[in-house]
Amino acid sequence: MCRFFAILIAVFSLGGITTGYGRTATPDWNDVVSAAEGQTVYWHAWGGDENVNRYVAWVADQVRDQYSITLRHVRVGNISETVTLLVAEKAGGRTQDGRIDLLWLNGENFAALKSADLLYGPFTHQLPYFAYVDILNKPTTLVDFTLPTDGLEAPWGMAQIVFFADTAHVKNLPRSLTDLKTWAEKNPGRFTYPAPPDFTGTTFLKQALMDLVADRAPLYKPVTDVDFERLSAPLWAFLDSLHPTLWRSGKIFPANYPALRQLMNDGSVDVAFSFNPAEVTSAISRRLLPSTVRPFVFSGGTIGNSHFVAIPQTASAKEGALVVANFLLSPIAQARKADPHVWGDPTVLDVQKLDADSAALFQDLAHGDTMPSPEDLRRVIAEPHPSWTERLEEEWQRRYQR
Amino acid sequence: MPSIQKTLCLDGVSLTLGLRRLIGPLTLKVGEGEIVTVMGPSGSGKSALLNFICGTLESAFEASGEVVLNGRRLNLLAVEQRRVGILFQNDLLFPHMSVGENLMFGLPANVQGRHERHLRVDQALMEAGLEGFAARNPATLSGGQRARVALMRVLLSEPEALLLDEPFGALDTSLRAQFRSFVFDHARQRGLPTLLVTHDHEDAAASNGQVIDLLQNQSETKA
Amino acid sequence: MGSISPLRTGARRWLRLFPPVTVALFLAPIAAGLMGTVLPSFGYLPGSGSAPLTLTPWRDFFNAPGVESALLATMVTGVGATVLSVLIAVAVSASWHGTRAVSSLRKWLAPLLAAPHAAFAMGFAFLLAPSGWLVRTISPWATGWDRPPDFIFVQDPNGIALLIALVCKEIFFLLLMIWAALGQVKADRLLDIARTLGYRPVSAWCKVVLPLIYPQIRLPVYAVLAYSLSVVDMAIILGPTAPPTLSVLILTWFQDPAPAMRFQGAAGAVFLLMCVFLTIAMWRAAECLGAKATRDWLTSGARRFADTAVRWISGGAMIAILAVTVGALSTLVLWSITNVWRFPDFVPSSFSLEVWQDIWPRLRESIVITSIVAMVSASIAIVVTLGCLENEQWNGKPTGRRSLTLLYLPLVVPQISFLFGLQIMFVMMNMDGTWSAVIWGHLIFVLPYTFLVLSDPYRALDSRYARAASSLGASPLRLFWRIRAPLLLGAITISFSVGFAVSVTQYLATLFPSVGRLPTLTTEAVISVSGGDRRVAAIYGLTQLALPLLVFGAAMMVSIRRARQFAGSK
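Respectively, the protein sequence lines represent chains E, P and C.
Numbered by this note's numbering, the letters in the first sequence go through residues -16 to 385 in order.
Numbered by this note's numbering, the letters in the second sequence go through residues 133 to 355 in order.
Numbered by this note's numbering, the letters in the third sequence go through residues 16 to 585 in order.
Hints listed in this document are in silico derivations from the structure and should not be mistaken for laboratory results.
Everything numeric in this text was worked out from a predicted model, so none of it was measured.
Backbone N, C-alpha and C define an ideal beta-carbon position, used for all residues, glycine too.
You may find that some hints are simply not true.
Straight-line Cα separation of at most 20 Å, SDA-like style, residue types lysine to any residue; simulated pairs [to be verified]:
no.	chain 1	residue 1	chain 2	residue 2
1	E	234	C	201
2	E	169	C	162
3	C	307	P	228
4	C	201	C	502
5	C	122	P	191
6	C	201	P	179
7	E	169	E	233
8	E	164	C	165
9	C	307	P	292
10	C	201	P	275
11	E	234	C	502
12	E	234	C	122
13	C	201	P	245
14	E	154	E	169
Pair by pair, the computed Cβ-Cβ distance ranges are [said to hold, decoys possible]:
no.	chain 1	residue 1	chain 2	residue 2	range
15	C	156	P	242	52 to 60 Å
16	C	153	P	175	57 to 65 Å
17	C	575	P	309	55 to 63 Å
18	C	36	E	79	30 to 38 Å
19	P	313	C	198	50 to 58 Å
20	E	122	C	36	58 to 66 Å
21	E	122	C	335	12 to 20 Å
22	P	227	C	335	34 to 42 Å
23	E	41	C	161	36 to 44 Å
24	C	317	P	313	30 to 38 Å
Let's have the full structure, built from the sequences with the hints guiding it.
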C-alpha cells in the first residue's frame, strides 16, 4: 500500500506546478487585503452542526463588512468529499481557477493533500494574527498528527477528548481507563464507542493504547518502524474483555459521534465522549443531551489535537482565503468560537500575548459545571504518528468486523 | 325435450347504469340445447346482461334479479364456480400460449396424463377442422380459425351453459354463416342452454329460437 | 407492426438525430465514469501521466477485513429484498386484482413513491429501534422498560432491518410498473376469460397475466435488484455496521484520505459492479428455468393455487408495509416540531418550531435550487425520451434501440466510483461548479427512469390512431401534439414526476458536479444526518418528501382525469 502512496505522490509531483513555492517575496499584507476586496471565497467545511453553521455565517458577515469579501460556506457531510474533488481537479489537469478556496481539515486529510502537493503555501507566516498563536504550549498548532504543518494550514481551533456521563445514573465518574472498565462491567450495555474508522472511534483506540502502554515513545514513530504486534497487544486484550460489557454486547457500534450522542439522549447509554470540550454545554442547550449530563477527563489526561484551514493550490480567490484565514485567528473570532454558547472550541491563541482588551474577551467566557475545568484541559496527550491511525483501524476491523 | 334440470333461468333480472335502466325486469328460460337471442343496439346493455350472468359485471352497473342454472343459484357464486362459458366477439386467445396450450388451458384438471390431455386437444382441433395446428402461435391464425379455437377452448372446460357475446361480429359475411352454424351445432350437440346477444337479425334468424328485442322489451317466438 | 409511412422527411431527419445525440450526451459521461473506476482499480489515476498497471488494489480489496461478511450481507439484503418485494407485489396484484382496496392503494401510491429513501430510512429507524416509537407505545406500562431495551433490531448484523426497509420502499415502484403493464395486455378481459373457464383468481392471474406482463416489468425488477445491492444511504442508516454492506464499505474507503484506500475502493466498486451484473444474469437464468418448469403447470388444468392463503398473507404483508411506511413518515412530522422527546415518552414532552425558524433561510434556498434542477432535468429527460421513441415510430425500430438500452447502465453502476470519473470530465471541460454540470449529472440518472416508465406505454400505444391520422396528411409534429401527446398525457406526467423524484434524491451526483455550490434538499439532508440532530434531519426529510409529492400528486390527478375521460368516451 505504501508503495502506491509513493507512486501517487510521485505522479502528482511530476505534474505539480508549485505556484505557492514559486513566490520568493512575501507580498505585503495590505496588498493581500486590497486584492481580496470583492473576491468570493468558497469555504468547504463540515456543515452538520447548527452551531458551526451559525458561527461560519457570522464570519461571513464580518469579512463582508470588514473586507468586502463574499464568503460562501460550502457545507459538506465529510471533508474527504472535498479531498476527492481536489484529486479530481488534479486528475482533470487543472492548475488554477479552481472551485475551492478554503477548507477545514486536519490529520489524515491534511496528510493526503500535503503529500499529493495539492495545497497552497506556505502561507501562515503572512497572516498577521498567526504571531499570537500559542505554538509553545500548544504544539499541535504546528504539528498535525505528528506531521509538520510547514505553514500549509493555519490553526483554527483546539480539540480534546472529553468524556461525559449522565449523573442521574452514574454517581462516581470513572476518571481512568481502568475505572471506566470496572464501571462498564458493573453496568453492562451502558457504554460504547463509535466504530473505527470513524475518527472519534479511532481516537478512543488511541486513548486506550496511550493509557495501556508502559512507554508512549514508540507511538510517535511510524508504525512500520516498531513492533506493532507487541505494542498493541494490551489494547486488543483490553477490548476483548471490554466488548461483552458494551451496548449491544459490543456486537454493533454507533456509526459516529452524533449517533453516540443520540444513544445517550435516548437513554440507551450513560457514558460517552466527544472531541469538543464544550459539547456538553452546547448539546444540553440544544436539547441534544439530558440536562443531567456532566463532563469529565481522565486524570492521566486525554488525547488532544488542533484543526486547521488550508488553501488548495488551485484556489481562485487565494487573497480572499488568506484574509479569511487571518480573520479566523483574530481574538474576536477566536473568543467567539471559544464561547460554549456559540461553539466552545478552546482558542489556539496565547491569551498572554494579547492586549488587555482582546484578552478580556476570553475572560468573560462562561465556565459552568457543564464545562471541563481548565486544569482538566491542560492534561493533553498528543496524537500518535498518523500511520498508527490506519494500522489501528485495519487491525480493529480485522478483529471485530466479522 | 329439455328436462327441468338442464336450464338457464333468468328471473326478474334488471340492470341499471347510473339512473338509466338498461334491461328488464327480464324473465326467461333457456332449455337444453336451446338458443335464445337477445337483440339490441350497442349501448343497450346486452353485453352487461351476459357479464351479469357469468359474474364479470363491472361495478358501475347495478343489477337485481336471479339467475339459476341447472337448479344452482348463480348470483352469489364466484365467477369460476358458475360453470358458464362465454365467447366474445374478439376471440382473446392467450398470446403467450400455443393453440394447443390454449385448448389445454380449458381442459379440466381431472383429465389426467400427458397423453390423454394431448389426445383430447387433438380431438378438439379435429372437430374444429384445425388438425396439426397445436403448435401454432395464435397470432398466425386467421380470424375464423382463432374464433373456432376460442369456442373449442370454452367447450373443453365443460360448461353447463354457453353465452355468446356477438361472437360473429368481427368475421366477414362468408365466414360468419359458416362459423355461426359451427357454434350452434356444437352447442346443440352438447345440449347447452345458450344465450346469444347480437344486433344482427341474421344471427337471430339462424338461431331458430326465441328472440328478445331489448328495444321493444318483449319477446316473440319464431316458428 | 410496421412503421408509419413517411410524409415529412425533414421532421424524420431531425428525429433521426435523437438516438445518436442521446447516446453521445449520456454514454460519454458513463464511459468517462466507468474509466474513472476501472483504471484506478488497477492503480492508475486518469490524467496524471503513466503509471504501471498493477493488481495490488485488487489484492488489497480481497484482503481487506470484513469483505466476505460484507459481501454476504449485501447479497442477503439485496437479493432477499428483491425476491420478497417481487413476490409480495405479484401476490397482491394477483389476489386483490380489481378490488376496491387496490384502487384506493393506487390513489395513495404517490406519497409512497415520492418518499425519498434516506428520509424513509430515518423514520423507519426511529419507528423500530429499541428506543423507537413501537417500543415506546408499549413502555413502560406493558414492558416495564423505563430505559431502552438492549436488543438488536435496526443495524442488525444480518441486515434484516435493511432488507425489510428495502421491501417497504421498492414494492410501490414495482406495483406502479405492474399496474402500468396490466393496462397494456387487456388483463381484465383475459382474467374474465380464465375465470369463466373455471380458474380461481390467483391461478388465473399467475397463468394468464403474469407471463404476459413479466417481460414489461423485467427491467424494473433488475433496477430494484441493482439498487438493493448497491444502496448506500439506507444501508448507512439501517444496515449492519461491523462490517457494513459492501457498498458502504467501499464508500468509507473512498472517503479515506489515504490514496491507496481509494484504489482499493475502486477495485471494490468494480467488484460490486460485477456482482450486480452476475446477480442479474443469475436472475435471468432463474427466470428461464422458472418459465420452463412452470410451462406444464400453465396448461395442467389446475384451477386453484392456494388462493385464500395467498390472499390473506399478501394482504397482511401489504397492510404491515403500509403501516410501517405511514408510521415511519409520521415520526418525521413529529420530530420536526419537537423540542424534547426522550424515552419512553410516546409523544414529545415539549414542542417547538425553533429549528424550522433556524434553518428556514437555508431550507428556502435549497427548495428553490432543488426545484429548478429537478424541473429542468426531468423536462429534458422527457423531451429526449419522447424524441427517441418518436424516432422509433418514424424511422423504424432498430435505429439506436440497442444502444439506448445502455442508458440503463447508471441504474446498475455504484454511484460513488462512477461519479469520480465523471467529475474529472467536468473539470476537463471546465464545467464543474455550474448549473449545467449538475443538470447533466442528474440527467444521467433521471433519463433511465423516464425511459423505463414511458417507453412501454408509448410502444403499446395503438399505432392505428397515428396511421389513420397520417393517412389524412398530418405532419409528424402535428400527429404528436394532436394524437400521441394527449393519449399519453397520463404516462408523460407520471414519467415526469418519477424523473423529478429521482433528481431530488441525488446526493453525490449533486455534490460533485456542483462542487458543493448548489445545496439541494438531499445534500442538506445527508449533511444534517451527519450532524445527528433528529429534528434537523426530520425537517429536511419532510421537505425532501413534500416536493416530489406535490409533483406526483398533480401527475396522478392528470392521469386519473385522463383515464376517466377516455373511459367515458368509449
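Here's how the hints hold up against the structure:
1. 234/E <-> 201/C: Roughly 53 Å separates the two Cα atoms, so the pair is violated.
2. 169/E <-> 162/C: Distance ~17 Å between residue 169/E and residue 162/C Cα, so the pair holds.
3. 307/C <-> 228/P: holds, 13 Å
4. 201/C <-> 502/C: holds, 17 Å
5. 122/C <-> 191/P: Distance ~18 Å between residue 122/C and residue 191/P Cα, so the pair holds.
6. 201/C <-> 179/P: holds, 17 Å
7. 169/E <-> 233/E: holds, 15 Å
8. 164/E <-> 165/C: With a Cα-Cα distance of about 19 Å, the restraint between residue 164/E and residue 165/C holds, given a limit of 20 Å.
9. 307/C <-> 292/P: violated, 34 Å
10. 201/C <-> 275/P: holds, 18 Å
11. 234/E <-> 502/C: Violated: residue 234/E and residue 502/C sit about 57 Å apart, past 20 Å.
12. 234/E <-> 122/C: Violated, because 43 Å separates the two Cα atoms, which is more than 20 Å.
13. 201/C <-> 245/P: violated, 32 Å
14. 154/E <-> 169/E: Since the Cα atoms of residue 154/E and residue 169/E sit roughly 13 Å apart, the hinted pair holds (cutoff 20 Å).
15. 156/C <-> 242/P: 52 to 60 Å: Given about 58 Å between the Cβ atoms, the range holds.
16. 153/C <-> 175/P: 57 to 65 Å: With a Cβ separation near 59 Å, residue 153/C and residue 175/P satisfy 57 to 65 Å, so the hint holds.
17. 575/C <-> 309/P: 55 to 63 Å: violated, 45 Å
18. 36/C <-> 79/E: 30 to 38 Å: holds, 33 Å
19. 313/P <-> 198/C: 50 to 58 Å: This hint is violated: roughly 37 Å between Cβ atoms.
20. 122/E <-> 36/C: 58 to 66 Å: holds, 60 Å
21. 122/E <-> 335/C: 12 to 20 Å: violated, 59 Å
22. 227/P <-> 335/C: 34 to 42 Å: holds, 36 Å
23. 41/E <-> 161/C: 36 to 44 Å: The hinted range 36 to 44 Å holds for residue 41/E and residue 161/C, with Cβ atoms some 41 Å apart.
24. 317/C <-> 313/P: 30 to 38 Å: holds, 34 Å
Hint compliance for this structure: hints 1, 9, 11, 12, 13, 17, 19, 21 are broken, all remaining hints hold.
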